[in-house]
Each structure stands twice: as structure tokens, then as C-alpha cells.
Amino acid sequence: MSPEFWKMGGYALYVWGSFGIAAGIYLWNLIAPRLRRRAILETLLDDE
Amino acid sequence: MNWTWFHRLGSPPSFYRFAGRLAPWLGGFGLLLLAYGWYAGLVLAPPDYQQKDAFRIIYVHVPAAAVSLSLYVLMAVAGAVALIWRMKLAEAVMVATAPVGASFTALALVTGMLWGKPMWGAYWVWDARLTSELVLLFLYCGVIGLHAAFDDARAGARACALLAIVGLVNVPIVHFSVEWWNSLHQGSTVLKFGRPAISADMARPLYAGLLATYCLCAHAILRRAQNELLLRERNTRWVRELATELGGGARVS
Amino acid sequence: MTKRQKRMAAVAALVAGLALAAVFGFTAFRKNMMYFYTPTDIVEHKVADNARLRLGGLVTVGSLKRGEGLNVEFMLADCEKSLPVRYDGILPDLFREGQGIVATGQMKDGVFVADEVLAKHDENYMPPELAKSLKTADGQHSCAPFKSVMQAAS
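Residue numbers (my numbering), protein chains in the order written: chain A, 1 to 48; chain B, 1001 to 1253; chain C, 2001 to 2154.
Keep in mind that the hints were calculated from the coordinates and are not lab data.
A virtual CB, placed ideally from N, CA and C, is assigned to each residue, including glycine.
Treat the hints loosely; a few may be bogus.
[Stated by the list, open to error] Here are some of the chain B residues that sit facing chain A, going by a computed Cβ distance under 8 Å:
| hint | residue |
| --- | --- |
| 1 | Leu1022 |
| 2 | Pro1024 |
| 3 | Gly1027 |
| 4 | Ile1057 |
| 5 | Val1060 |
| 6 | Ser1103 |
| 7 | Trp1124 |
| 8 | Leu1216 |
| 9 | Arg1237 |
| 10 | Val1239 |
[Unchecked claim] Here are a few chain B residues that sit away from chain A, every Cβ distance over 12 Å (derived from the structure):
| hint | residue |
| --- | --- |
| 11 | Leu1009 |
| 12 | Tyr1036 |
| 13 | Ile1084 |
| 14 | Phe1104 |
| 15 | Trp1126 |
| 16 | Val1135 |
| 17 | Gly1142 |
| 18 | Val1171 |
| 19 | His1175 |
| 20 | Thr1189 |
| 21 | Val1190 |
| 22 | Ala1220 |
| 23 | Arg1224 |
[Stated by the list, open to error] Listed next, the in silico DSSO-like pairs over lysine-lysine satisfying Cα-Cα at most 27 Å (straight line):
| hint | chain 1 | residue 1 | chain 2 | residue 2 |
| --- | --- | --- | --- | --- |
| 24 | C | Lys2046 | C | Lys2003 |
| 25 | C | Lys2065 | C | Lys2031 |
| 26 | C | Lys2065 | B | Lys1052 |
| 27 | C | Lys2108 | C | Lys2046 |
| 28 | C | Lys2031 | B | Lys1192 |
| 29 | C | Lys2132 | C | Lys2065 |
| 30 | B | Lys1117 | B | Lys1052 |
| 31 | C | Lys2108 | C | Lys2132 |
| 32 | C | Lys2065 | C | Lys2081 |
| 33 | C | Lys2031 | C | Lys2108 |
| 34 | B | Lys1052 | C | Lys2132 |
| 35 | A | Lys7 | B | Lys1052 |
| 36 | B | Lys1192 | A | Lys7 |
| 37 | B | Lys1117 | C | Lys2046 |
| 38 | C | Lys2046 | C | Lys2006 |
| 39 | C | Lys2132 | A | Lys7 |
| 40 | B | Lys1088 | C | Lys2003 |
Isolated chain A (complex conformation) (with noise of 0.2 Å):
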């Protein structure tokens, strides 16, 4: 990518900080819920 497309026009920060962002917010929703359920299946076989 040419560096004309990082600095997207000057809107560089915030165009990449939303981008950013919501990265970090969709990994989140995928990752949580996956390590809930290891936790989960922890407890449960303690418990037997």
C-alpha cells in the first residue's frame, strides 16, 4: 500500500483509530465467549 493510503487524507488517526477499535471490539466478541466456555468446562469437571 502506497503511504498516500495510510495517511488517508489527514484523517490518518482517526480513520485508523476507529478501524482499530472495532477490531478490537468484534476479536473481543469472538474470543470471550470461547474462554467463558473453557472456564465453564473447568468447573464443571471439578465439581465431579
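Using the hints provided, position chains B and C relative to the given structure of chain A.
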């Protein structure tokens, strides 16, 4: 009226299996579509005639704002079903929807601020749209907090359902705020009929991003509802069988 | 009535009550939730000098005069009336003739003296080439989003 079909659909073990089969497809499809939407939005779409490249924030802001409202409606409907039919699955879906909805409401607010600063000239103003969207975030947080405050999951779900239904009144206010009141926020682009509000090459990535976000939210809600059912049904046979099955495999590896 | 039907009726009553309360609340508070007044409000219903308020409208094409330093003067119009505005400060990137803006300030001798100007863009997005070919796009935004508060309240 006979509701047995409804109860069978809501049986926790059958829903658990159904969600387990559906979720990977939603997740995979959603991620692929999101990758296309973001690539097309950032690279392929032309800059706006007025806002230049700053308008690209629309590709994260609008999907987040759209699901923030849709998920609230889902949460309140699940709450109403849980109240009326005392259905465990509806309680699980309601509880599962709240954190997903809250996260996307927060995303809509933050990306809106990052869009507002360079275009409007201010991160935040107290106009009707921004204020009611902030109230939406508080409602989601209220449901999450209320659920956490109860030891008895079923009593907690009943309280959450009431709060979710009461807060439903805010949803049309968020959506129509830009028409009912003078606001700094512009009107709706996607749900505007008639005159073209967005050119086709700019709209395509937006629709892809919208569909992708709905799929990924559905994925997250199914997964969270599965977790919720595991917890609530931990003393039943199907959960114990599942735990030994999965746990046994995990211990070997 | 079975218990389930009773609960159904209770939830329906709750939703209906809320909707009714919302409609009453909306009629009562609509005026207070308006983010800005429009030139029509100021011209037709005089406001006291020195009352701080927000004024929204479109910058009339051909009216922009740049003074010394950052000083600008322009006419601001809704669909009916217009009003002269004076401002000394940094303008947002989107500020131009024909653009929607919201200015904060007060009336002084028939001129609205602003100390903050925000841009209010519309919901239309298009590439520059398309905008040039459309008469209504560049420099001619719709005045419809600038609704008179006084007329809405009555």
C-alpha cells in the same frame, strides 16, 4: 392454544446442539464478509466529495449502531418470552445478548466521536441522537449489572427482562431522533428510501459490513447462550455427559 | 385465565403503558430536546439580546465575507428566513457556502455573534465526479433538516 412445539424448540440440550452446529458457519461467513467489507471500504470505495477519506469511518460506525438497536430489540423480546413462558432458553438468549449489544453500542459511540471531531468539529454534543444512544449503553449496562447482582439466575433473569422491556421505549427514540428533533447528527442513509443517499460503490462495502456484523453478533450470542445453558443446567445429565466427553478429550491432549 | 395468559396480559399492559407515557413525554418535551433554533425562530419570535443559544441553518451561497484574521461574516438560512452571522475563530473542515452549520452564540443588534461553529453534514455520500454532475449535491444541501422550534412546538 398448544405450545408444545415451542417448548421442544426451547429445550436446552437440543438448542445447545443446534447452536453448536450453526455458530461456526456464522462465524466463518461473517469474518470473510467483514474482511471483504473492510477491504472494499478502505481501498476500493472512492473518497467522499465532501468528507474525503474521513467518511470511511461509516464502515465501522453504521454496522455497530445498527446492531446496537437490533440487539436491544432481540434482548427485550427474549425477556418478554422469558417472563411469559418462563423459558430457560429465552433467559439465556437475553443474558447472552446484553454484553454483545453493549460492546457494539460502545463502539458506535466511540467511532461516532472519532468521526465527529474531524467533520463536525466536536467529539461530543448533547443532541437527541447522541444522548439517546448513550442512554442505550446505560440500559445494556443496567441489564448486565442487574444480572450479576442476583445469586438466583431465574430471579435475576426476571428482573433483567423487566428492565429490558422498559428500556425498549428508547429504541424508537434513538432511531427517529434525527427526524423528530433538530440534531447535529445527520439523517439515516441506509434506511432512506427514494433519492440515492449513497452511491453504489460506496454502498456495497457498507451492506457487506452490515450483514457480516449481524452474522458475527449471532455467532457471539449463540456461543454465549450455550455457556449460559451449561451453567444453568450444570446438574443435569446432558451437561455432565457433555463435560466428561469434552473434558476427557482435553485431559488426554 | 391461565397464569401464562395473565403474565402475557401484564407484559402487554406494561408495553402499552410505556408507549403512552412516551407519547405524552414526547409532546411535552419535544421543544426542550431541540438541539438548535433556526433563523425563522429568531426573526419571527424575538429572543432577548445576550441569551445564549444555538442557531442552525445553511450558509447562504455568495454571502461569505472574510474579514481580518479569522473573522468571517455570512448569512445563515433555513427554508424560510435568513440571519447575518459573525464569527471569529477556527472553522471546521466542512465549512463552506451552502453547507449546514450549527453556531453557538447570541444576538447583538440584529447580528448573531457566534463563538463556536460546528458543521452539520447530510446523509448523502458520493464520489466527487458524481457530485459535480448533480446540481443538487455540491453547494446545495437541503434545508429540510433545519426545523423551526417554535412551529414544531405549537
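Each hint tested on the structure:
Interface hint at Leu1022 of chain B: violated, since its Cβ lies 14 Å from the closest Cβ of chain A, which is beyond the 8 Å cut-off. Evaluation of the Pro1024 of chain B hint against chain A yields a violated restraint, the C-beta minimum of about 11 Å exceeding 8 Å. Checking Gly1027 of chain B against chain A by beta carbon gives a least distance of about 7 Å; that is within 8 Å, so the hint holds. Checking Ile1057 of chain B against chain A: minimum C-beta separation of about 5 Å stays under 8 Å; hint holds.
Nearest Cβ of chain A to the Cβ of Val1060 of chain B: about 4 Å, under the 8 Å cut. The hint holds. With its C-beta approaching chain A no nearer than about 5 Å, Ser1103 of chain B sits inside the 8 Å limit, and its interface hint holds. At a threshold of 8 Å, the smallest CB-CB gap from Trp1124 of chain B to chain A is about 14 Å, leaving the interface hint violated. Here the hint on Leu1216 of chain B is kept, as its CB sits about 6 Å from the closest CB of chain A, short of 8 Å.
Nearest Cβ of chain A to the Cβ of Arg1237 of chain B: about 13 Å, over the 8 Å cut. The hint is violated. The restraint placing Val1239 of chain B at the interface with chain A holds, with a minimum CB-CB distance near 7 Å, inside the 8 Å limit. Listed as a non-interface residue, Leu1009 of chain B keeps its Cβ farther than 12 Å from every Cβ of chain A; the least gap is roughly 22 Å. Annotated as non-interface, Tyr1036 of chain B keeps its C-beta farther than 12 Å from every C-beta of chain A; the closest such distance is 14 Å.
The beta carbon of Ile1084 of chain B is kept farther than 12 Å from every beta carbon of chain A, the shortest such distance being approximately 27 Å. Against chain A, the non-interface label of Phe1104 of chain B is violated: not every CB pair exceeds 12 Å, the least being about 7 Å. Every CB of chain A is more than 12 Å from the CB of Trp1126 of chain B (nearest about 21 Å), matching its label as outside the interface. No beta-carbon of chain A is positioned within 12 Å of the beta-carbon of Val1135 of chain B; the least distance is around 20 Å.
Every beta carbon of chain A lies more than 12 Å from that of Gly1142 of chain B, the smallest distance being close to 20 Å; the non-interface claim holds. A cut-off of 12 Å between C-beta atoms confirms that Val1171 of chain B is not in contact with chain A; the least separation is 21 Å. Every CB of chain A lies more than 12 Å from the CB of His1175 of chain B, the least distance being 21 Å, so the non-interface label holds. At roughly 17 Å, the least C-beta separation between Thr1189 of chain B and chain A is larger than 12 Å, which holds for a residue marked as non-interface.
With a least beta-carbon separation of about 17 Å from chain A, Val1190 of chain B lies farther than 12 Å from that chain, consistent with its non-interface assignment. Residue placement check: Ala1220 of chain B does not keep its beta carbon more than 12 Å from all beta carbons of chain A (closest about 4 Å). Distance to chain A contradicts Arg1224 of chain B as a non-interface residue, since its nearest Cβ pair spans about 5 Å, not more than 12 Å. For the suggested pair Lys2046 of chain C and Lys2003 of chain C, the alpha carbons sit about 60 Å apart, so the restraint of at most 27 Å is broken.
Distance check on the hinted pair: Lys2065 of chain C and Lys2031 of chain C sit about 33 Å apart at the alpha-carbon level, beyond 27 Å; violated. For the hint linking Lys2065 of chain C to Lys1052 of chain B, the alpha-carbon distance of about 25 Å falls within 27 Å, and the restraint holds. Distance restraint check for Lys2108 of chain C and Lys2046 of chain C: the Cα-Cα separation of roughly 12 Å lies within the 27 Å cut-off, and the hinted pair is therefore satisfied. The suggested pairing of Lys2031 of chain C with Lys1192 of chain B holds, with an alpha-carbon distance near 25 Å, which does not exceed 27 Å.
Straight-line distance between C-alpha atoms of Lys2132 of chain C and Lys2065 of chain C comes to about 24 Å, which keeps the hinted pair within the 27 Å bound. Pair hint Lys1117 of chain B plus Lys1052 of chain B holds up; C-alpha atoms about 14 Å apart against a cutoff of 27 Å. Restraint check for Lys2108 of chain C and Lys2132 of chain C: the C-alpha separation of about 38 Å exceeds 27 Å, so the hint is violated. Distance restraint check for Lys2065 of chain C and Lys2081 of chain C: the Cα-Cα separation of roughly 19 Å lies within the 27 Å cut-off, and the hinted pair is therefore satisfied.
At roughly 24 Å between alpha-carbon atoms, Lys2031 of chain C and Lys2108 of chain C fall within 27 Å of each other, so this suggested pair holds. In summary, the hint linking Lys1052 of chain B to Lys2132 of chain C is supported, as the alpha carbons are separated by about 14 Å, within the 27 Å threshold. Under the criterion of a C-alpha separation no larger than 27 Å, the hint pairing Lys7 of chain A with Lys1052 of chain B is consistent with the structure, at around 12 Å. Taken as a hint, the Lys1192 of chain B and Lys7 of chain A pair is broken in the structure, with Cα atoms around 31 Å apart against an allowance of 27 Å.
With a C-alpha separation of about 32 Å, the suggested pairing of Lys1117 of chain B with Lys2046 of chain C is violated against the 27 Å cut-off. In summary, the hint linking Lys2046 of chain C to Lys2006 of chain C is not supported, as the alpha carbons are separated by about 55 Å, beyond the 27 Å threshold. As the CA atoms of Lys2132 of chain C and Lys7 of chain A are separated by approximately 25 Å, the hinted pair is consistent with the 27 Å bound. Between Lys1088 of chain B and Lys2003 of chain C the alpha-carbon distance is near 17 Å, which keeps this suggested pair within the 27 Å criterion.
Hints 1, 2, 7, 9, 14, 22, 23, 24, 25, 31, 36, 37 and 38, counting from the list given before, are not met by this structure.
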